[in-house]
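Enquirer: Here are the chains, one letter per residue:
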Amino acid sequence: MKYDHILIRYGEISTKKRNRKIFVDRLKSHIKRALKDFESIQVEADRDRMYVYLNGTPHEEVVKRIHGIFGIQSFSPAFKIEKDAEAMKESILRYGESLKGRFTTFKISARRADKEFSYSTDEINHMLGGHLLRNLEGIKVDVKNPDLNIRVEVRQEAVFVTGEVIPGAGGLPVGSAGRAMLMLSGGIDSPVAGFLSLKRGIELECIHFHSPPFTSERSKQKVVDLTEKLSKVCGSIKLHVVPFTAIQELIQKQIPENYTMTSTRRLMLKVADRIRERNDGLAIITGESLGQVASQTLNSMYAINEVTATPVLRPLITMDKTEIMDIARDIETLDISNRPYEDCCTVFTPSNPKTKPKREKVNFYESFVDFESLIEEAVDNTEILTISAASSAEEDSGLF
Amino acid sequence: MIYFDNSATTKPYREVIESFVKVSEDYFGNPSSLHGLGANAEKLLSQARKQIAGLLSVKEAEVFFTSGGTEGNNIAIKGSVLSRSGRGKHIITTEIEHASVRAACEQLEAEFGFEVTFLKPDRDGKISPKDLKEALREDTILVSVMHVNNEVGSIQPIEDIGAILKEYPNALFHVDHVQGAGKIPLNLKNSGIDLCTLSAHKFHGLKGTGIIFIKEGIRLFPLFSGGSQESGIRSGTENVAGAVSVAKALRMVTEDRNSNNRLKEVNSYLRESLDAINGIEINSPAEAVSHILNFSLPGIKSEVFVHALEERNIYVSTTSACSSRKKSVSKTVYSMFDSEERAESTVRISLSYQNTLQEARAVVQAIAETVSKLKSVMR
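Residue numbers (this note's numbering), protein chains in the order written: chain A, 1 to 400; chain B, 1 to 379.
I should point out that these hints are in silico values taken from the structure, not numbers from a laboratory.
Quick caveat, the model's predicted, so the values are computed rather than measured.
Heads up, some of the hints might be wrong.
[Stated by the list, open to error] Here chain A is said to cover these stretches of chain B; the calculated rule only asks that three of the stretch's residues, wherever they fall, bring their Cβ under 8 angstroms from a Cβ of chain A:
#1 16-23
#2 34-40
#3 242-249
[As the list claims (entries may be wrong)] DSS-like mimics (lysine-lysine), calculated; alpha carbons at most 27 angstroms apart, straight line:
#4 A:LYS140 / A:LYS100
#5 A:LYS361 / A:LYS253
#6 B:LYS189 / A:LYS100
#7 B:LYS189 / A:LYS64
#8 A:LYS36 / B:LYS59
#9 A:LYS36 / B:LYS50
#10 B:LYS301 / B:LYS133
#11 B:LYS207 / B:LYS11
#12 B:LYS166 / A:LYS100
#13 B:LYS59 / A:LYS321
#14 A:LYS2 / B:LYS189
#15 B:LYS215 / A:LYS232
#16 A:LYS199 / A:LYS32
#17 A:LYS140 / A:LYS80
#18 B:LYS301 / B:LYS331
#19 B:LYS59 / A:LYS64
#20 A:LYS83 / A:LYS140
#21 B:LYS130 / B:LYS89
#22 A:LYS64 / B:LYS50
#23 B:LYS207 / B:LYS130
#24 B:LYS59 / A:LYS232
#25 A:LYS64 / B:LYS11
#26 B:LYS59 / A:LYS199
#27 A:LYS238 / B:LYS133
#28 A:LYS199 / A:LYS36
#29 B:LYS331 / A:LYS232
#30 B:LYS215 / B:LYS59
#31 B:LYS50 / A:LYS232
[Claimed, not checked] Ranges of calculated distance between the beta carbons of each label pair, as one might list FRET restraints:
#32 A:GLU323 / B:LYS130: 44 to 50 angstroms
#33 B:ASN170 / A:ILE317: 56 to 62 angstroms
#34 A:ARG65 / B:PRO129: 34 to 40 angstroms
Quick reminder that beta carbons are idealized off the backbone N, C-alpha and C, glycines included.
Starting from the given sequences, assemble the full structure and let the hints guide the process.
Expert: Okay, here's the thing in structure tokens:
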């Protein structure tokens, strides 16, 4: 089938009232960016729908790209027919054939914007429906709940037809919900937390703690690769790489072993909060899931979260590991996360971390040490990388 | 020089050689080393894998580097049947496979107690899906069919075979894609292919480099024991420079394929002109690939003919380069036509995207003159 345009339905945006224009503009810019290498494509938006005019571009690749964009409830490829009964019958039949096996019941819903057209809506419905029934086997009409509702709209310039409704990625347009910082370790959970945050419209920046020589370049590369996967959704993502060695060494020296993990998390959160502040973020996101490890018990969270009043969002808090892994597989981060390098969370793990740390105790232990200057230093020396799906491919491009 | 022997091997792209040299010099670390030099080499290796996966539309974890077609075919065939011998002992392949497939199957039959059915092609050099269906058994564990035949260029019905094999989950499907890669698109995912072999020097890469596609979830018995590189499929320190050069060659040949439509024109010119020469019988079927044209010169020894053309600085082959030293008749042509005279006197012209119509004209003229000269001498 040769399609004329793709009709996009907004989903949740349409419940928004006053700031609807902002949402729609965001979505439009995301769609334009995803399709920017197709020169002839035009995107137009109105209050309720968006239209991607193909102007000859094959629709398959366009459909594939639109599929991953948040803020779209569903979309339908549409084709154009000249205003002639025979041409309409022929095109509808070809369309029905192209969807063969994917529907058994259908109906035709005609609308006439052009009232001069020589057939009434009922006549169009009968003419086209009858033609399909006569020529395709194994289908029947169901006007109440059809598998396929073929909408035929007669306008001044031509007849437009849509039928198949393809579900979109849902969610809200990325960037429409404000900026937040994701603590990205390299494990399985944090990229999934990032993905779900993007889905709800958050503009994401990532923070990674790097402790050379305890963690290697490979573990940093892992995080760069994970960020790159996430950036596919939104174009590009800033990655803050925090030099964390000095703080970690001081913790090992000063804090009793069973409290090192709690202190480490508190300091990471403090550093992350400082970076958030400098970059005008509104929240911190983590991949924590309740009870998964010692640092993710409620007691631990209570002790760790004490260091900040900034909202800490935990999209995975109620999810099981298997559910998280399923999403990680879908968004292609699982294989990257499974690479076997030490990261900031694993290398200093004490053999017996407290699962029920106490606020008073950890505050007491930390009171003997001045972390403040180290925190400032870490934040000042943080390396900021801008990662986009294209940038890493361009690296060493001469070689490939 | 006119090089018309591109199915024997191709001239590497200059850019491919440059990448190989640069990686060998600047990124010589062992990818398994823990230090940064190792990490950089590993990064290049995974970037190469990623690029190849993209070009073949498969997953990164399904791409493995090998030393080329022969190794790839051996790993695929022996590796799969040796890990599945508990499920059956029957292998199906064709009479017109490359020696690395045929000999591997024969060895499995002679030494390891497997049973092999060799399917015979029709006069178009194609095997029929119907014959395959009849040959399939409950205990068939592997079907190995080449995509493009190396001698006559016939294209096998890979998708049809894949569809048939859907009903035989016991049987893995291996495709020798060495002559098709970069020339005839093959959809690995939709064709039901489990294992697929490519060799880079056939698409302007370097000798000693190649790829094998192994569908996710398939276990192979490793032929090499060692440090478990390439997920244990192919132990031995990775050839990083080679891997990068394969990725580049595959990208470049794919671009050439998408932008070049001259090949078809050159082929039809050759086919028509050679067909008109008295004493030449075209062996390649009409619907064969554009880059291979095989013909026979009954009454003329093809070896003499090849040398006669060589004097004019034109390079072609008798049969496939790998078996031509054995002085055997062309197995493929013999299988197709059951004629020894025809199979003894085969000549293969094989083209690359770089060849031109002008070269083809010169070659046709040279062939016409050589044929008439040799005919008068040899009679």
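Enquirer: Please flag the earlier hints that this structure goes against, numbers listed from lowest up.
Expert: 10, 23, 25, 27, 29, 33
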